[in-house]
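*Asks:* Here are the chains, one letter per residue:
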Amino acid sequence: MSTLEIKDLHVSVKTEEGDKEILKGVDLTVNSGEVHAIMGPNGSGKSTLAYSIAGHPKYDVTSGSVTLDGVDILSMTVDQRARAGLFLAMQYPVEVPGVSVANFLRTAKTAIDGEAPKLRTWVKDVNEALERVTLDKEFAQRSVNEGFSGGEKKRHEIAQLELLNPKFAVLDETDSGLDIDALRVVSDGVNRYSTQGDRGVLLITHYTRILQYIKPDHVHVFVAGRLAESGGRELADQLEAEGYDKYVKAAAQA
Amino acid sequence: MTQTVAEALELAPVESHLHPEGSFNVEDHPVPSGLEEIWRFTPLKRLRGLHQDTPLDGSAFKVEVDAAEGVTAVSVPVGDSARGASGYVPVDRVSARAWEAAQSVFEVTIPANTVVEEPTTIRLHGESLDKAAAGHLLVRAGQFSKAVVVVDYDGSATWAENIEVVLEDGAQLTFVTIQDWNDDSVHVVTQHARVGRDAELRHIAVSLGGDVVRASTSADYLGTGGSVEMLGVYFADAGQHIEHRLFVDHTAPRTKSNVEYKGALQGKDAHTVWIGNVLIRKEAQGILTYESNDNLVLTDGATADSVPNLEIETGDIEGAGHASTTGRFDDEHLFYLQSRGIAEEEARRLVVHGFFNDIIRRIGVPSLQERLVASIEEELAEHVGRIS
Chain A
1 MSTLEIKDLH VSVKTEEGDK EILKGVDLTV NSGEVHAIMG PNGSGKSTLA YSIAGHPKYD
61 VTSGSVTLDG VDILSMTVDQ RARAGLFLAM QYPVEVPGVS VANFLRTAKT AIDGEAPKLR
121 TWVKDVNEAL ERVTLDKEFA QRSVNEGFSG GEKKRHEIAQ LELLNPKFAV LDETDSGLDI
181 DALRVVSDGV NRYSTQGDRG VLLITHYTRI LQYIKPDHVH VFVAGRLAES GGRELADQLE
241 AEGYDKYVKA AAQA
Chain B
1 MTQTVAEALE LAPVESHLHP EGSFNVEDHP VPSGLEEIWR FTPLKRLRGL HQDTPLDGSA
61 FKVEVDAAEG VTAVSVPVGD SARGASGYVP VDRVSARAWE AAQSVFEVTI PANTVVEEPT
121 TIRLHGESLD KAAAGHLLVR AGQFSKAVVV VDYDGSATWA ENIEVVLEDG AQLTFVTIQD
181 WNDDSVHVVT QHARVGRDAE LRHIAVSLGG DVVRASTSAD YLGTGGSVEM LGVYFADAGQ
241 HIEHRLFVDH TAPRTKSNVE YKGALQGKDA HTVWIGNVLI RKEAQGILTY ESNDNLVLTD
301 GATADSVPNL EIETGDIEGA GHASTTGRFD DEHLFYLQSR GIAEEEARRL VVHGFFNDII
361 RRIGVPSLQE RLVASIEEEL AEHVGRIS
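Protein sequence lines correspond, in order, to chains A and B. Every letter in the first sequence is one number past the one before it in the numbering used here, and letter 118, counting from 1, is 118. Every letter in the second sequence is one number past the one before it in the numbering used here, and letter 124, counting from 1, is 124.
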């Protein structure tokens, strides 16, 4: 079993008015086999949490720790974190002109596994992974994310999740901008990944809609840079009914 | 017998700095001071007098030819040659001097209706820097012929050259130059292509080596429906000056041009210049043109100059546009690749290869594409791996 542990995490970004603190002490433990949903209003810092775990250079961790099975990941480079078993499905996957999906996936798989995948099975694996998220296999020859629709980009993220099969997946608003069919395809992919049993998911979302397809074990309300409340699935139902108002007001008064 | 391009085409003269008055007479081209528009980016001091009066009588170079079936490639004395067939008139002093000094013309002839897939390759190997030399190459593609011609430069030379390319009606020609010089060579080359009715020129310039490479390339059209694609890839290292000056002169209706150059720079005082000039004359109705230049600056201390110019003298065109970008590594590209486990150095390699791939994969000559990918990898091994 693996554990991703976030303790008292404080993160700032540089702005023209100086450093601005976005995360104000986040505590969260995700064990393999668990699906955690983090829900919160726009601007609450949800994405900052995702990018800070992945190591985006824009975010500056000022205190606290993130460990994977007790090993500090904050001192690792972005690629070291990925090789340690972390994966971030991005809200806005980046277009990389001229680099084919096939080349990208093979390079990533080789880096993660420490050896090149077997050519014969790999092509089949890639085609099947694309097919499962209803992307035509010709996508393998296209440049990474270039000219993909929003939905195609998200499905491409999920294909990567399945091919790279990390210990922990952080999904940053993977559901935003998806129509109902694409949402189902993406959710199925996440469920295939998580039902392996020894994988952990941190699902960051603004809407409760995706929780009809992905059943979280834990739901957290994220407001003003920290967790405002944690509970089970029933918390999602409550948020669906009442919205974030109560938490936003409480945070504003604090 | 000074005859300008405009007269040859019976077009109204255009007063434009894009379209300098040519002359075969060296005296009509004063020694440049470096302030002139066409010379302001070029490090004249490093030209070893090519732009002044240095004799161009060197002969320390070797030419190897590998001609495809049906294609002839021979050196003929100037007097027996078809020099001037493209209508070209020297537009600057180096070109006029090379014209005057050349003793022979290397003629590559693709007879009418000849279709060959195998490239015809001319390798020019320079063996000495000491004496400057002049050359003249004339490539003629006959009616409805289809061929690939590659000119491959390497070794050490101080080389002034004129290249003429003539496409008769309906000809399709891919013409490639590869500057793979040692890093002490100086090469100033002026190329002019005349494109016949419905003919298609694909002009590909690859510039990797040399101390100073200045390549001026122009094209005009003898009839309607002609098409010119100019693709370029360049990679400048510390101290290198690589300059491409493109000029497409839309002299006929319903003609097309597409110019795309991509370059990377690394190391102190690496300098690249790209000038993309397009002139759309009054006669050139219904034409379509686009030109773009992208530069990727890999390290501090390198400079990329990029100047697109478009002059339009008719309101009746199908489309005209240009774009120019110069940037550093995009941190978001690197983050995305790294977040998938790919180490930073490898991620940088992928991004640079990807940057060039857009053009390389369109060259259409597989052996050349492979060689280019390998050359870029070599260039990258020098620097990118060491960026922290």
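Be aware that one or more of the hints could be misleading.
Claimed, not checked - Cross-link-like lysine to any residue pairs, in silico, SDA-like; alpha carbons within 25 Å at most: (1) A/LYS58 x B/VAL273; (2) A/LYS58 x B/ASP330; (3) A/LYS58 x B/ARG361; (4) B/LYS282 x B/PHE329; (5) A/LYS14 x B/ASP330; (6) A/LYS137 x B/ASP358; (7) A/LYS58 x B/ALA374; (8) A/LYS137 x B/ILE359; (9) A/LYS118 x B/GLU345; (10) A/LYS20 x B/ASP330; (11) A/LYS58 x B/ARG328; (12) A/LYS118 x B/ALA374; (13) A/LYS118 x B/GLU370; (14) A/LYS58 x B/GLU344; (15) A/LYS20 x B/GLU332; (16) A/LYS58 x B/GLU345; (17) A/LYS58 x B/THR299; (18) A/LYS58 x B/ASP358; (19) A/LYS118 x B/ALA343; (20) A/LYS137 x B/LYS282; (21) A/LYS14 x B/ARG328; (22) A/LYS14 x B/VAL373; (23) A/LYS58 x B/GLU370; (24) A/LYS167 x B/LYS131; (25) A/LYS58 x B/VAL373; (26) A/LYS167 x B/ALA60; (27) A/LYS58 x B/THR224; (28) A/LYS14 x B/GLY327; (29) A/LYS118 x B/GLU344; (30) A/LYS14 x B/PHE329; (31) A/LYS14 x B/GLU346; (32) A/LYS118 x B/THR326; (33) A/LYS167 x B/GLU332.
Claimed, not checked - Here are a few chain A residues that sit away from chain B, every Cβ distance over 10 Å (derived from the structure): (34) THR3; (35) ASP60; (36) THR62; (37) ASP79; (38) PRO93; (39) VAL185; (40) ASP198.
Calculated from the structure, these hints are not laboratory results. Backbone N, C-alpha and C fix where the C-beta goes; we use that ideal spot for every residue, glycine too.
*Asks:* Does the structure break any of the earlier hints, and which numbers would those be?
*Replies:* Of the numbered hints, 1, 3, 4, 7, 18, 20, 22, 23, 24, 25, 26, 27, 31, 32, 37 and 38 do not hold.
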